[in-house]
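4 protein chains.
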Amino acid sequence: MIELENPDHKSGFFIFSRRQTAIYHLADPGGTAYLGGMKKIGVLTSGGDAPGMNAGIRSVVRTAISQGAEVVGIIGGYSGILEKRFQDMNLRSVANIIQRGGTILKTGRSLEFMKPEFRKQAAENLQAAGIEGLVCIGGDGSFRGAHALWQEHQIPVTGIPGTIDNDIFGTENTIGFDTAVNTALECIDKIRDTAASHDRLFIVEVMGRNCGLIASHVGLAGGAELIFAPDLVITVDQAVERIKAGMNKGKTSSILVAAEGQKPGRAYDLAEQIRKKTGLDAKVCILGHIQRGGTPTANDRILASQLGAAAVDGLLKGERDVMFGMQGNQIVKVPFETATTQVKSTPKEYLNLANILAN
Amino acid sequence: MIELENPDHKSGFFIFSRRQTAIYHLADPGGTAYLGGMKKIGVLTSGGDAPGMNAGIRSVVRTAISQGAEVVGIIGGYSGILEKRFQDMNLRSVANIIQRGGTILKTGRSLEFMKPEFRKQAAENLQAAGIEGLVCIGGDGSFRGAHALWQEHQIPVTGIPGTIDNDIFGTENTIGFDTAVNTALECIDKIRDTAASHDRLFIVEVMGRNCGLIASHVGLAGGAELIFAPDLVITVDQAVERIKAGMNKGKTSSILVAAEGQKPGRAYDLAEQIRKKTGLDAKVCILGHIQRGGTPTANDRILASQLGAAAVDGLLKGERDVMFGMQGNQIVKVPFETATTQVKSTPKEYLNLANILAN
Amino acid sequence: MIELENPDHKSGFFIFSRRQTAIYHLADPGGTAYLGGMKKIGVLTSGGDAPGMNAGIRSVVRTAISQGAEVVGIIGGYSGILEKRFQDMNLRSVANIIQRGGTILKTGRSLEFMKPEFRKQAAENLQAAGIEGLVCIGGDGSFRGAHALWQEHQIPVTGIPGTIDNDIFGTENTIGFDTAVNTALECIDKIRDTAASHDRLFIVEVMGRNCGLIASHVGLAGGAELIFAPDLVITVDQAVERIKAGMNKGKTSSILVAAEGQKPGRAYDLAEQIRKKTGLDAKVCILGHIQRGGTPTANDRILASQLGAAAVDGLLKGERDVMFGMQGNQIVKVPFETATTQVKSTPKEYLNLANILAN
Amino acid sequence: MIELENPDHKSGFFIFSRRQTAIYHLADPGGTAYLGGMKKIGVLTSGGDAPGMNAGIRSVVRTAISQGAEVVGIIGGYSGILEKRFQDMNLRSVANIIQRGGTILKTGRSLEFMKPEFRKQAAENLQAAGIEGLVCIGGDGSFRGAHALWQEHQIPVTGIPGTIDNDIFGTENTIGFDTAVNTALECIDKIRDTAASHDRLFIVEVMGRNCGLIASHVGLAGGAELIFAPDLVITVDQAVERIKAGMNKGKTSSILVAAEGQKPGRAYDLAEQIRKKTGLDAKVCILGHIQRGGTPTANDRILASQLGAAAVDGLLKGERDVMFGMQGNQIVKVPFETATTQVKSTPKEYLNLANILAN
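Going line by line, the protein sequences match chains A, B, C and D.
Heads up: take any position in the first sequence, counting from 1, add 586, and you land on the working numbering.
Heads up: take any position in the second sequence, counting from 1, add 586, and you land on the working numbering.
Heads up: take any position in the third sequence, counting from 1, add 586, and you land on the working numbering.
Heads up: take any position in the fourth sequence, counting from 1, add 586, and you land on the working numbering.
It should be emphasised that the hints constitute simulated quantities derived from the structure, not laboratory data.
Heads up, some of the hints might be wrong.
Because identical chains cannot be distinguished in the list, a pair is counted as satisfied if it fits within a single copy or across any two copies.
Below 27 Å or equal to it, Euclidean Cα-Cα: the simulated DSS-like pairs (lysine-lysine) are [said to hold, decoys possible]:
(1) K869 / K849
(2) K835 / K670
(3) K706 / K670
(4) K837 / K934
(5) K670 / K625
(6) K835 / K626
(7) K863 / K849
(8) K862 / K849
(9) K625 / K835
(10) K837 / K626
(11) K626 / K701
(12) K837 / K670
(13) K837 / K625
(14) K934 / K903
(15) K849 / K930
(16) K706 / K626
(17) K862 / K835
(18) K701 / K670
Please put together the full structure from these sequences, using the hints given.
Okay, structure coming up:
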């Protein structure tokens, strides 16, 4: 019923649908045979919360119900399975949440779920509750858990990528990334006001533990003079040189964007080092969890709506152990194993372009 | 130096660069031979203004200067050529504008420029000012003008799509579209607050003369109960039926999104007809030019930065009579003729998905 | 225990507390004697919803509980009393609502409640439910109802002004006004972007049926060229003259702000008349209910928090038939009769100042 | 011509006008006698920039021109006088700036201006340029400079309070305070989304070196569990106790708001101490200069417009050595000496109310 095209070996994922959202037409709402007997599915959010998760939950719930399935909301991520925090969802349960940040199902990181004995317990709890399949909205840790649930206990799981970091391989954007970038950008814009009035140097620390996707997008869009990504080395001397070069060209202020990397607050160290070398007093802003919140952007809501529908559609049609993502405006499916083992890096083209345009 | 791949006959455009922004690496800043002797280029914005145009101007100016060319800003669109409103631009001319709505070059629609004799005058004015090539930021009308300048007078022109309507064929998004959608969405969110408090029916009229791209994106992202696009017929009876069905399912309020079509203000007519048939008092909001303004989103600034650089790069490397756009995250070049004669329609998948999810 | 100062006969209200929020210190949480035996109070929102109502509800609930009283939320305004839609509230019932637009208690306008026999029924329902006093958050219609409940049935009621229109006498600001003004202002700012790019004429229609407070604040803060208030006559000829004078002074665009008055959508009529007289094509935006929604501003939340606490405090201490408002940064109490019979008018000083500054 | 009422000895300021903006009617545009021969005035912004300063500049320029005076903009604060950075202003110089953050006149803190010999030079520069009076927009440091200019060299100066900190005695609000509070509040709201999803503890550091006005407003409006002001001692043990009490009442997350005090970044120290005592991992956000930027709120623009007009009006009518502020919705004049020597403290009522309402 679904044409699965040949895998693209270079990129490591399958194209699920050539026509962006064509899959929604294939649904056969009445056919229980079509559901493979799957009458009840669960949905959970896991890992760090991200704006747009609620739009994803809404899409999962309403798509599933429109296809004849029941939906159970699991509260608090994987811990919620262990603690049997199950809640029946109907069409109205997800009314008026599409615009809300956070997640109505709450989320969390479960240390217990990393141990096989607890996953066994989880599988038993799901079966006891009649939950025959699962849609998981989260990041790579969440997908590793989902992958294990399938491998070890044959619980059918599909996933959609929800994390502001955009560090999931196999999808161009994760749900929440666009909002986080725009939130950080609004902050940069405000600093730009004061920078233009005052002839100053600013360091804005954004999220991004391992990859610099937020930093590179925010830096390019915000016209930053310099972008520090966790996976690219810039020495303080190089930074100082760049700041001075800008001043020589007539710039009266500079904004540096730095990913937090392994140590939130490191912008203060950077400021201190710049101060020692130049005497310039860099002002520091640490955006922190501000970037996780806020009303999701249109893109995040649309992405979440599309992928949520695809994840339900796929699950009901027999897909297992895969994430649904978006690539080149097409919905793709990516094995959890691929999504969680391959790595996205900071796009150097963005940094190069930012470099030219910040002249 | 640039690999031009075979045209994709189905889509009507050429892929300019497989790697998203790879082209910026190809530049050979010092080589005047490479510039083909082109020492001075002009840049203008034309048609309705769109948020992100300033980011595009900034990218054109700074990319060109980084490649050794001079840049002249033309004030007021094509009329500015006729009136010789030329202004030399340097790196600082575009400082601190990346976040500004509108366009520092001002824009306009020139009736005169539609006549050959005025285009002849324009070509002469450009030559007299030593402007050897042109980057045009605008919509389809603007590209028709650019196409004629090349066809009739061999003025080399490249273009980038700047219009909130996203009605340019050959690029997934135009500069300004993402901002306009998010602006309209913020308005819908506010109405959602009051709708949830009050049990009411709302009609929000958004821009979109010929196609329903803004309406469909806003409607899907905003959770609208019904979306009216200019190119799809929904009768008032169908609308009334849908509103009543929602109420029967327990919905206490409904938000309808309507593209303005050929007649801004038509939401009042729709409200009146619904009132007559149902007695329900629909409240009307007409967003109008609010959607043209505001700080551009990250996406619009990044798109404008990338396409602005590509348009300069292409122009200096010998591309003519083409628009640069973005398709599947790749920069593509599209002949002006293709971009201005083929038509984008409202994506029905969006409407279908919106329909399912608004249950 | 409370020093009631002499009435200020000119202004028609009493000063309730010289020190802005001193009253919160007077509370005697344990003392039931102090509560005058009042153990359970109700809270409702009525009339058009306004941003900040939720902050008001939160303040009423938590202040009352902190003083030893129980609180019942009444759903849907006065109709909720007639329909016995009573809901027990605890500290957690109002968690995480301070930032939400709309009202969790929903609101409405009850035609029945205007009739004495229904008010009798309401009083009986309240007594049957053990609700001994009422805090009403709403506008003048709501206060007339509250006044009647006290006059006819000795139900103790205090009120706080919640309406975006700011048309309640006896308080400088009503809850929701500041948010509505800022929302409209954001729209004006967006139009300003496009106006500056394009040399155009805009008419922005804001709320305000009888008085021009929103229009005058938005117009002054937005730098509007002309402000139309419902209670001040400006002829189209005067408007045209003003627009032309601006152009003569070098203005390239004009923004007019018009209160909707008795007929939402009247901006189209105005545009049409200006078009006939000048040939200028004025673009129209009708903000409508957008102004009712959105996250409340800091001022609205603080005002709602302060007045909510005062209304509970006053009710428990024996105040009846009064609204609590803010005047010159002092909490004042105003008899409902005063608040609902005297009229606020559009501040002419604002219009004069706007006039000078829009030069 | 202006009725100066008796000083209110308790509060230390004079009421300048009973009717909020009545002064604008008193102007006698044509009368040069009225101007006391003052034909040219200067305007500058000084100290930290604040949103709304541009609205203030606009008001000063247009009011002065409407009264027949010329205006010179001084670039970069007091340093601009020393460096003779004078720029003639006309009506169009301040077009389209009312909504811009920052200040078009740039600002700065001049160390030289603290020395008498440089003030002597400044006075000579002003006289040489024909600048007969000065309007200064800034904070207490700026007013001390203005006071010295008058005392030592009889340069007539009036001032209006522009600083986000709101730490100027004699005016309820300073220009920029309302915007800064709302900016910080938006950040809190975003954190609230993620806090509600995740059961966490957050510390948000806001500006405020000596007084806790931003912290107390943001904390009350944001529903913070605890507010740290620079002038009020809360021990870490008290904080820990409060956090635990909240958890016992069922709270799943807590947001603490802390003024930066003498050491920006101190929220990290606080987080570390809480971690040691409770094991709870508090997440930190440092808003920093974000709070200085952004589009000014309606209140800040209106305040700046009113006070700017009053400062010109006063200067032309013979007022010297005074700041114009707003008290109880009346424009007041306050001697610079009073404004700069008396101290505003954190309003304890706000903290008390926040305490009750955060239950």
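Now the hints, each set against the structure:
no.: 1; hint: K869 / K849; in the structure: both (18 Å within a copy, 12 Å between copies)
no.: 2; hint: K835 / K670; in the structure: between (63 Å within a copy, 23 Å between copies)
no.: 3; hint: K706 / K670; in the structure: within (14 Å within a copy, 49 Å between copies)
no.: 4; hint: K837 / K934; in the structure: within (24 Å within a copy, 44 Å between copies)
no.: 5; hint: K670 / K625; in the structure: within (19 Å within a copy, 39 Å between copies)
no.: 6; hint: K835 / K626; in the structure: between (64 Å within a copy, 21 Å between copies)
no.: 7; hint: K863 / K849; in the structure: both (22 Å within a copy, 21 Å between copies)
no.: 8; hint: K862 / K849; in the structure: both (21 Å within a copy, 18 Å between copies)
no.: 9; hint: K625 / K835; in the structure: between (66 Å within a copy, 21 Å between copies)
no.: 10; hint: K837 / K626; in the structure: between (61 Å within a copy, 24 Å between copies)
no.: 11; hint: K626 / K701; in the structure: within (26 Å within a copy, 51 Å between copies)
no.: 12; hint: K837 / K670; in the structure: between (59 Å within a copy, 21 Å between copies)
no.: 13; hint: K837 / K625; in the structure: between (63 Å within a copy, 25 Å between copies)
no.: 14; hint: K934 / K903; in the structure: between (39 Å within a copy, 23 Å between copies)
no.: 15; hint: K849 / K930; in the structure: within (20 Å within a copy, 38 Å between copies)
no.: 16; hint: K706 / K626; in the structure: within (20 Å within a copy, 50 Å between copies)
no.: 17; hint: K862 / K835; in the structure: within (23 Å within a copy, 48 Å between copies)
no.: 18; hint: K701 / K670; in the structure: within (18 Å within a copy, 52 Å between copies)
Checked against the numbered hints given earlier, the structure satisfies every one of them.
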